[in-house]
Amino acid sequence: MELYQDLKGQEPAWCPGCGNFAIREALIKAVMALGLAPKDFVIVSGIGQGAKMPHYLRCNTFNGLHGRSLPVATGLKIANHNLTVIAEAGDGDIYGEGGNHLIHTMRRNPNITLLVHNNQIYGLTKGQASPTSVPQLKTKTQPFGILSESLNPMALAVAMNASFVARGFAGDVEGLKNLMVEAVQHRGFSLLDILQPCVTFNKVNTYSWYRERVYYLKDHDPQDRIKAFEKALEWGDRIPLGIIYINKRPCFEDRIPVLKKGPLVLQGFELDKVKNQIFK
Amino acid sequence: MDISIRVGGEAGQGIQSIGELLLKLFSRMGFWIFSHQDYMSRIRGGNNFYQVRIADRPIHSSKQKIELLLALNQETVLLWKDDLTQDGLILLEKSGDPPEPSSKQLHVPFTSLAKEAGSPIYANTVATGSLLGMLGFSLNGLEDVVKDSFSKKGQTIADQNWKAFELGYQYAKRECLACSFKISQPDYSKRMILSGNEAIAWGAILSGVKFYSAYPMTPSTGILNHLAANAERFGLVVEQAEDEIAAINMALGASFGGVRAMTGSSGGGFALMVEGLSLAAMTETPIVIAEVQRPGPATGLPTRTEQADLLFVLFAGHGEFPRVCFAPGNPEQAIYLTNKAFDLAERFQIPCFIISDQYLADSTWSLKEIDWDKLVYRDFRVREGDHNYKRHKITPDGVSPLAIPGLIEGTVVTDSDEHDEEGHIIESASIRTQMVEKRLYKKLPHIKKEISAPSYYGPKAPKLLLVGWGSTLGVLLDVTEDLNKTIPTGLVHFSELWPFPEIRGCEAWEAIQRAEIKIGVENNASGQFAWLLKAETGMSLDKLILRYDGRPFYSDRLREELDGALSRP
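Each protein sequence line maps, in turn, to chains A and B.
The first sequence begins at 42 in our numbering and counts up by one.
The second sequence begins at 5 in our numbering and counts up by one.
Just so you know, the hints here were simulated from the structure itself, not pulled from any lab data.
Quantities reported herein were computed from a predicted structural model and do not represent experimental measurements.
Just to be clear, a hint being listed does not mean it is correct.
Capping the alpha-carbon separation at 30 Å, the derived lysine-lysine pairs in DSSO-like fashion look like this [as the list claims (entries may be wrong)]: (1) K156(B) <-> K301(A); (2) K467(B) <-> K397(B); (3) K394(B) <-> K80(A).
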């Protein structure tokens, strides 16, 4: 069992009051609850403020390119499915730049967890619209407001028949931690979208804006896809939190015949043996 | 004996199946074989051909002039009749009307003979049998080859195909009065036939590749298919990615996870991978990338050949970092160089390239034996270690221990941002400087030492020196041999291109010094290698022969072009 202090990494370089602090707190607690040692899990992240997370936690880390965390995480999971693989990204990162990878990772269904720090704005590049920004938002690059429809990640995921679809809120560390634990424990691809206020650039979706609207789902059957779709579409006066959809289906690694012999990284290679097999 | 057979027709008519059956038949007979394909970017219609050249001595290229043309449609006759040699013949279907008498053509009723054998769908097998009959070969030992080719479809179909083959053979042998091919039975010895794409795939398997991800793109798709077909047998995972960006990132994820990983594409797909290439460099994650060129820009000529991505591959990627680029000249070199690419990629934690092209990818060569001693497998991964591990530790040669996450006690951390020895983000000027020097300056001299000098073929003191790289090796060898009958000719061929090899003092050096005229031969429009050669060595070539119509060089045509170039001042 790792101690809280042992899991903390470097001191974060986030703005004071940033929702990312709560996400980090929830993640450390989730890792403790899951009983994971730093060597046993990997955080693969993209680029953005949220994607800096693995530096602020003690863990194996592949902090790659903007939008590209999921293919890296998928390749890594195929190489060693004994590792717990968590991908972390922001809304611009995974719903914008990496949108195609998200769609196809949901199809593929590797046993990895994606945590999306969704603050509905670009933080690292200082306040441009993201795919989840609300239409009325005016920014330096969108002075007339945002002309495109907002992307609804929950509805997209239910439509894609993703394996695990949930929403959390950075304003509730304990609830978020519980969702993270469930997302990691779910066997298959888990999408946990986390509503996260950006105190510097998003003056619309603030802590109080979210607090007035969010509620945890009760008596909801996440295996009912139609109901799940209804909940996924709910946004505005009321925003549901919790597990929206669960689709129990075999995960990607379990369906690859070669991996039945154990993790790829532990399957050795002997040149002489292969030599004799080829060109006999 | 040296005979070229061209099988032409529309896409979808079974040209490739005929070509592949011919390869198997001639290979069983013990001939040296070279084949190449010329096909359009379509599934039906158009005009494609498959060309097979057989000889009783090693051959390395195709010729423009052919002895036999199997025309599956009339357009093929019109397109290629002028390529026939003086004794050349066209084989085609005998239809209802009596054919116009022509001593150049043999008409065989493919379909009715096929029906006699059991089904009209065996018409191509009748045609293949007819080709063998025209050439006058014995059918000894060929029954198994034909039957094996159809064995998957059941015993009856295999038997009926053999019957169809025999009927075609006998008809042609009986009716072809103009057939007068000089046939020699070769000195039989077992040989493999291998295409460039297959060779790269086998090279990867022989290097312990465990993960290959790619997005289908002609002409690189063969590598993906060959690896997928062999995945279960050799314990590797092959994944078709959603795009080339995902393909390279998946391969990097797998490599970070501790297994040997590779990706491949053609120019347009590699263009999408360039961001990931830079990521490989920054995170020092080993990767092997095959770039199977086709003519560009943009979609270009999807199914045709060119050597125009050389400088793109050499200089792709933002930022400064080392890489290795190999360009094999034939499937044999492709096996060894793919193996070497895996070894160097893991040893130096860098991207290594195999540059091929459609001509090499889809052509097949006869191969004597694999020199197993040339293959290496050295595992550079660190599988045990304590908490003090630093992924990007500064060392005298710039190479940090390459640990596998999850297997060591410590954590493995890397970043696409500039990072410190532990792998965490930094912006410090001094650490940045150290890291650039580690990745580039410190590794580079050690990488350079591993790069072999160009190969030299020919006399010590040639008058004429040909210079080429990559897939033109075969055609240049054939032309060099031919030219030596009249003018002392040498060939310098580069297959290890980057870091640019040291040529001073190498075997070719004396020939380079003594040659009176140096001619570069490249399948591109700007002489990219000639430019590189000049930039790296100061050496200028006197003339360039460039081909950029999307077609490969033929040895007979190239010979004519060289004669032309030599006769001009």
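Do the hints match the structure? See the list:
1. A distance of roughly 28 Å separates the Cα atoms of K156(B) and K301(A); the hinted pair therefore holds under the 30 Å criterion.
2. A threshold of 30 Å between alpha carbons decides the hint, and for K467(B) with K397(B) the separation of about 53 Å lies outside it, so the pair is violated.
3. This hinted pair checks out: K394(B) and K80(A) have alpha carbons roughly 13 Å apart, not beyond 30 Å.
In this structure, only the earlier hint numbered 2 is contradicted, and the remaining ones agree with it.
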